[in-house]
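On the provided structure of chain A, position chain B as indicated by the hints.
Number of protein chains: 2
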Amino acid sequence: MLEKLDLYRRMPKDEYRQLTDKYEPRFAELQRKLKAFKIPVLIIFEGWDAAGKGTLINKLILSLDPRGYKVHPTNAPTEDERLRPFLWRFWVNTPIDGGMAVFDRSWYGRVLVERVDKIVGKKIWQRAYDDIIAFERQLSEEGAVIIKFFLHISKEEQKKRFKKLRKSPATAWKVTSEDMRHHDQYDKYVQAIEEMLSRTDTAHAPWTLIEAHNRRFAYTKILRTVVQTLERKLSEKEFEQEQPGNTTPVTAEQESASILDQVDLNVSLDRETYDEELKYYQRRIRELEHEIFLKRIPVVIMYEGWDAAGKGGNIRRLVRGLDPRGYEVIPIAAPTSEEKAHHFLWRFWRQFPKAGHIAIFDRSWYGRVLVERVEGFCSEKEWRRAYRQINEMEMQWANFGTVLVKFWLQIDQDEQLRRFKERESNPAKQWKLTEEDWRNREKWGLYKAAVDEMLLRTSSSRAPWHIIESNNKWYARIKVLKTVCKMIEQRL
Amino acid sequence: MLEKLDLYRRMPKDEYRQLTDKYEPRFAELQRKLKAFKIPVLIIFEGWDAAGKGTLINKLILSLDPRGYKVHPTNAPTEDERLRPFLWRFWVNTPIDGGMAVFDRSWYGRVLVERVDKIVGKKIWQRAYDDIIAFERQLSEEGAVIIKFFLHISKEEQKKRFKKLRKSPATAWKVTSEDMRHHDQYDKYVQAIEEMLSRTDTAHAPWTLIEAHNRRFAYTKILRTVVQTLERKLSEKEFEQEQPGNTTPVTAEQESASILDQVDLNVSLDRETYDEELKYYQRRIRELEHEIFLKRIPVVIMYEGWDAAGKGGNIRRLVRGLDPRGYEVIPIAAPTSEEKAHHFLWRFWRQFPKAGHIAIFDRSWYGRVLVERVEGFCSEKEWRRAYRQINEMEMQWANFGTVLVKFWLQIDQDEQLRRFKERESNPAKQWKLTEEDWRNREKWGLYKAAVDEMLLRTSSSRAPWHIIESNNKWYARIKVLKTVCKMIEQRL
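Those sequence lines, one after another, are chains A and B.
Residue numbering for the first sequence follows this note's numbering, starting at 361 and increasing by one per position.
Residue numbering for the second sequence follows this note's numbering, starting at 361 and increasing by one per position.
In isolation and in its complexed conformation, chain A is listed as follows:
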């Protein structure tokens, strides 16, 4: 693939002038329009050392308002970054809606330098391909534009450039011994690069190869590609907006068999057994907390369930024995303005715990297929594709070695009513009950259908759902503790 490129293409100065005069003002105007349309843009620069990435990025952004973009140089991961899945540091830096992020090297490091330099094993970089493709698709599905450049120069050209750089004391420091080692491995890299280009050249995030021997040629090709891609995206967006909305009202679908209906809610526990087991498992989980810390295993525990199903009390029993320096409880409310201006999974990626720590989510990323679906806060298209996006994220976390425990706290309608009334009449508990709880209750059928579909579509062997029978709170608490202990023990 690379060898087919005509690297010796030149560009006369007047043609160059003509092209930049044509495209640069358009690029500046596009930046404003993208902001108005809230479209996030990611521009990725990969390429050989000394291919001119830095210079070309500089030239490209000169036409722009500096308040609207951010350049992210990608170096070897820091300690904090190594303690998370490899995509974490890129997720947290995805641009806000209407913003532009330029990556000087990127997530492709994993299948290039980390692969060729054997920093990670074959299994890991092979799997990274799936992660990368899913990542780019997820962003593009929610409206982001992804433009990827690979800057190509020949081995001879690279040698020539290194030589020139080393001659001047002002630039000699730029050529490191690592660069020279990579130069010697040029042919090995060609293989890895070609595999990367062909495996990740997707419709939503295609690669553009840049013949980078001649700066003028390279720059205009990059500029033109960016402008044309963005203009295409804008006209699509304008077209969409002219179309009438096609949100169909959500109705309670009849799944062939309701999973929830099969749950036996009559199970219970007597006080004595409860006290005994509570004591036992709270001590056990403390030991396990210490072990996962030593082995640097991240643990994510997640609660979903009906209003008044007892999430709060359950979480308190779960953490009572733990060392608070090792866990964090993360309550999930309606997204903030900043969170709304990102991919819906962004805020959960940001909260991914450091390896060795426990994150407990009180409600979660499943909000999209539950409350947002039922209340119409997102379109049907959006929540439908969310199942796959969620599965992909959980798989990426599992691949990183994460223990992921998902709980659905199940109670029936009668029990919920009983608890609502109790809260109403007990002054110490009134603050727990809101108008919204009553409104949600009226939509029990719609929520039930959503829960059933969620359980069906997002339970997998690596990230199974655990349904917790919660009419009896003691039973529920012990089952949660037991399950968490078991899941961690399996991983150790």
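Mixed in with the good hints, there may be bad ones.
Since the list gives no way to pick one copy over another, a pair counts as held whenever it fits inside one copy or between any two copies.
Calculated lysine-lysine pairs in the DSBU-like style (CA-CA distance at most 35 Å, straight line) [claimed, not checked]: (1) 714 with 527; (2) 419 with 714; (3) 842 with 393; (4) 419 with 655; (5) 413 with 639; (6) 803 with 524.
Source of the hints: derived by calculation from the structure; they are not laboratory data.
Below, chain B without anything else, positioned relative to chain A:
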């Protein structure tokens, strides 16, 4: 001070029961009320190794809803943290309004372990005292409660505890060689601790000494102190709310002499000189960017000025020559919901650049004494004390070695009108002009008084204001470039 403590105080079990039964439920209820009143709480635990900090923190938070607090263990700073002023990592972790942050060790590390172990020099830890006192006062002024505990045990007791821990293989790892070294230096530490306690025992953030030989005694003393402090704060707050608001309308004050009136706006530059100097300084600043990177010097450049004074165009000329991996432009708009729920300086602390990098703020922390003052978005008390808070922050940044360059872009009313009209009639520039711009213009006199007072109160030799005559844009751009170059050169 420490030797006066009666370390051998004991507490019978029934008295202990009685006290915990009394205070624990009150603590849980207080947590809910604090949330309702949006009061942030910081609880700091300092003390000897093996004094029982971990265990006591655990016990203390057991009564609480885990969704409302966060425990921050303080270890040696990471690389990322070392590249910022030492308070940075604590600033970014200050709790949200209504939230609680528990620090297991804290910013006092600088005047304890870092002092005694000679990790930093005398000048640095001496100066840290001012930083710490200012930090705590700033938080408390904006409504935070700060509760500080020092857990004291005798040298003999510490030795006994280390011995016991080392006996069991399950706990032996807890005693590090560093702990033993600190133990040998016990008396040296006593000195440092006593100095710390007396210098930082302030009305808004007092120390409570805890006799920590006996767990029951220590726990109840901590619990009671926390509950009583919080109850006092709540009743103050309730009292305040009952008082009628005392916001006096802001009027254009007559400062003895307006600084702005003395600015000669007739200065200008011809095209030829402009082009020449622009080229020269853009190259120069690029060289300087590289030098500050090598020397790990952080640079903060900040723009304030009238609407249409030319901030945007000015910033673009400033960054045109720079490597985008070395700087970031940070536009400051109205605060997000998350930012509003913190101290008003929090969001600027968060954006402090890594040492070696440049942060360019387009509008800034001066918003509080400009737009927030004039538009009444904060109380008079709030903006009045903001001058000192801002000066303190800038001094802390300067102490870290930061190059801080503050610009006020000055134009007169006629020039502003001319530019507004030009924007109005030019379709390519209309997006720049909003209704708000016209409204602000009507309040020119109020803004002018605010600017004059700001320039007067926040200009210091270490963080001077530079007034940029901006009726002529070319002149303004060159003056900004020159000033930045000069300020960086002085620092090198």
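Do the hints match the structure? See the list:
no., hint, result
1, 714 with 527, "between (44 Å within a copy, 31 Å between copies)"
2, 419 with 714, "between (38 Å within a copy, 24 Å between copies)"
3, 842 with 393, "between (54 Å within a copy, 34 Å between copies)"
4, 419 with 655, "between (46 Å within a copy, 26 Å between copies)"
5, 413 with 639, "between (60 Å within a copy, 23 Å between copies)"
6, 803 with 524, "neither (71 Å within a copy, 59 Å between copies)"
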